[in-house]
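Undergrad: Each number in this note's numbering corresponds to the 1-based position in the sequence shown with 22 added.
These are calculated hints, taken from the structure and not from any lab test. Worth double-checking, as some hints may not be accurate.
[What the hints assert, rightly or not] For lysine-lysine, the following DSS-like pairs were computed, each having C-alpha atoms within a straight-line distance of at most 30 Å:
{"#": "1", "residue 1": "K144", "residue 2": "K112"}
{"#": "2", "residue 1": "K261", "residue 2": "K187"}
{"#": "3", "residue 1": "K187", "residue 2": "K144"}
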Amino acid sequence: MTTSPNILCIGSVLWDIIGRSASHMRQGSDVPGRIIRIPGGVAMNIAITLRRQGMHPALLTAMGLDPEGQELLAQCQRMGMACDHIYLSKDLPTDRYMAVEGGNGLIAAIADAHSLEEAGDKILTALLDGPLGSASAPYEGLIALDGNLTVELLTQIAASPAFAKADLRVAPASPGKAQRLIPFLEQGRATLYVNLEEASLLCSASYDSAEAAARGLLDRGAFRAVVTDGGRPTADGTKDGILVQTPPEVLVTRVTGAGDTFMAAHIAAEYRGASRDAALSAALTAAAAHVSGETPYD
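Kindly produce the complete structure, drawing on both the sequences and the hints.
TA: Here it is, written out as structure tokens:
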């Protein structure tokens, strides 16, 4: 890619293995469907949508030098990602994510991001003391960060002077990892993209709406909180007030990657200069196109 990156995507880049059926499913269901393998992971899903929106992301992640990693790296390069700063390990296998989706939504998923966690701050070398920035010369652009990193590394990032001037956008990756974002509440740094369940876990509270959850996150110290709730209203909360919009009604055919698509479209719209209202609308429209199947896999 010859164009300089205008956003860094930090976190999981792996193979998504997704089984999908139109049938409603429950524990123990055995139904016909399709199984696909595609490049995925939160950071990768965000980068894919950013490329679709005309932006030029660089990936900061870990991959193995195994055949799966070499194939994944080639795919990332083909899709237009800047891959110069990816940490390539001869000892760690390439990570994977496996999900089963039915007509009634996500049935179960397992994220195996152990290699990313074991790589630790090696994935940040270019940003902490390298060509992208350092503590004395912080990176000043957009960063999309996902919660698949360890608590220790996320805590380091939240307080690091190397990130002090960045426009930092953070997502937890899953409800099970939501509490990893507590350091960003404590530091009052970053825009948090969470769903209603994740917001409740972060605040140790129970909320009945995205608007209430956004207010709760702001009260806990969040710089900015964008909270989704499936097909119910979404909220964007800042010190200037809470904006609420209702997503378009669509037939849901897939759910994996919807939150990542929403986040990326929101970032891209604001990068282009859209107002808060217009950016939220653009993000909800992009997420609706994704879950309806209108947006194809690359």
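Undergrad: Hint by hint, note whether the structure agrees.
TA: Going down the list of hints, with the structure as the test:
no.: 1; hint: K144 with K112; in the structure: 14 Å, holds
no.: 2; hint: K261 with K187; in the structure: 19 Å, holds
no.: 3; hint: K187 with K144; in the structure: 21 Å, holds
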